[in-house]
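Visitor: Each chain, written out:
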Amino acid sequence: MKRSAKAPLRALMVGVDGPRSEKLFQLLANVGIELIPRSVSEDSLYKLLQELQPELIFVDVNSTARDTLEHVVSSHPALPQPVVSADGDLRISLRRLAGDIGISLYVSERVSPCLLQALIDITISHCHSIGVLEQELALLADNSEIMVAALH
Amino acid sequence: MKIPRVESLEKQQLTLGYIPLTDCAPFAVAKEKGFFEEQGLEVTLSREHSWASIRDKVSLGVHDGAQMLASMPVAARLGVAGPRLDMVTAFVLDLNGNAITLSNRLYEAVVATDPDAAFSALAATQALNLVIRANAQNKRPKLRFGVVFPVSTQNYELRYWLGCGGTNPDLDIEIVVIPPPDMVDHLKSGDIDGYCVGEPWNTVAVRAGLGHVVATKYELWNNSPEKVFAVAKRWADEHPETHKAVLRALMKACAWLDQSENRLVAAEILTERGYIDQGLETVALSLCGISQRHPDRPPEDAPDFHVFNRYSANFPWLNQAEWYIAEMYRWGQLRNPVSISSIAEQVYLPTFYREVASEIGAPCPAINRKTEGNLSPQMLQNFAPHLGPNQFIDGKRFDVGKVLGYLEQHELSQANIRELRQSNETIG
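Residue numbers (my numbering), protein chains in the order written: chain A, 1 to 152; chain B, 1 to 428.
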């Protein structure tokens, strides 16, 4: 059944591991995109994608399910399609999303180019910022332990 | 031989993507034997897990270039089953190398229908068609076959083979995409009934007693292109000297690989240095020209199972790109009419190859297209090593400039020939 044009956008993650998945979950919740709480394997993609009809798919760039995903979406144009061909700022953003964050994105027609650019930029920024914050906190914890050890 | 200076390279540190299959050997050999280094290149080989990932990374500039299926850059240029991307290739990495494997259960049904199916790829597909018809009459579920990517050479080969037997791959069976390393598990679980894939995954199934090889890519179309070295057009335009340097290294690797005494060494490189997670014996079989098609029969000689250099293997023939476009029309993946010859010329770059070959004194064809289906092994005995057999399993011919005529020969086809004629006035 086709979803209403006014319904909130829904996203599905494929092969995205724990820490990145948590970061994306926070981000999507903040911007009002609903995350479909399903674990998807390559075996279930054929059945699940048509059933769930997400507007966005975040997939690990190295997931072994990528080629199966390509087949499913190429057979069903209404499903999200891979975002690769781009010039200018979007190309740079996609390169960072794939190269630095390890995510490839598939979007449906409901996702406008402006929304797409904003979403990619905030994903990179969010994942990067949290990563830096986590590193700094880990460093602080290490330094604190060293200082405590030194005092004793 | 002219050796260009390292200073002329636009870029020296490169990352090239590959998929862990036996025919990633040219990349592995160029790296491990120092052929990239000789050209002033520092190459990191990045093992990838999907063709889509390779496409994305090359297109976005994460990787400089990659091993791709010969049909991929053509499909990308046309936006077939994926985004429209400007990819080019000036180098074919290998010929042949794939096979079609059936599960034991299906193989037994096929051979029970026609015992000749055990010895003939054509008889096997005709017998399979009878099995499929009987299944349909008995309201049994459709058979499922695995391929590795929607626009893969394997998809077109499986479809070609099925079509020869009268099976419509879009109506009579189901085709699903499965990563090559997972094919054997899916066959074992009964999730699929057969697959078309590159080595070592056919040998792995046969050696595990799970299936039988019923057709090789060589039998479907002798010495047809399998993988290419592809780059983004943007990259090719910005790095012409680096591109040439990569091609020189790969030419040397492919020539080295086609010396029979080096094949076992190549198998050792692939298995012992982490390029393929399979045992030496499994990988060495097909590389050394031996095909194990059945668990219960001795392996057979298949000297051309993998061809890396002979028969002008590395030359990017324009008619072979055109053949893939024809198949995309045939199977309804491509519907809008385009100039087939012009697309082939934009993606496959024979002139660039010729330039590189002439710089290092390597032999190179003087023409960009050749007829396919007109040379049998018997005709070529003791003939020049630059020409190989090129027959199709169904005996058809694909004449230069006759793409549409070739398409018209096939009964099972979704191509709109009348519409295509308007966009292809110069070809018949």
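Source of the hints: derived by calculation from the structure; they are not laboratory data.
Computed from a prediction, not measured in an experiment: that's the story for all the values here.
Ideal placement from N, C-alpha and C gives every residue a C-beta, glycine not left out.
Among the hints, a few may not be true.
Unchecked claim - Listed next, the stretches of chain B that the computed footprint assigns to chain A, with coverage defined by at least 3 CB atoms under 8 Å from CB atoms of chain A:
#1 57 to 68
#2 147 to 156
Unchecked claim - Only pairs whose alpha carbons sit at most 16 Å apart, straight line, appear in this in silico EDC-like list of lysine to aspartate or glutamate:
#3 A:Lys47 to B:Glu174
#4 B:Lys233 to A:Asp87
#5 B:Lys11 to B:Glu238
#6 A:Lys47 to B:Asp191
Visitor: Hint by hint, say whether it matches the structure.
Guide: Hint-by-hint comparison with the structure:
Check on the stretch 57 to 68 of chain B: 5 of its residues sit with their Cβ under 8 Å from a Cβ of chain A, so the three-residue criterion for coverage holds. Taking a C-beta to C-beta cut-off of 8 Å, the stretch 147 to 156 of chain B contributes 3 residues in contact with chain A, enough for the three needed, and the coverage statement holds. Proximity of Lys47 (chain A) to Glu174 (chain B) is assessed by CA-CA distance (about 14 Å); at most 16 Å being required, the pair is judged to hold. A distance of roughly 13 Å separates the Cα atoms of Lys233 (chain B) and Asp87 (chain A); the hinted pair therefore holds under the 16 Å criterion.
Distance check on the hinted pair: Lys11 (chain B) and Glu238 (chain B) sit about 10 Å apart at the alpha-carbon level, within 16 Å; holds. Annotation: proposed proximity of Lys47 (chain A) to Asp191 (chain B) holds, straight-line Cα distance about 14 Å (limit 16 Å).
In this structure, none of the earlier numbered hints is contradicted; all agree with it.
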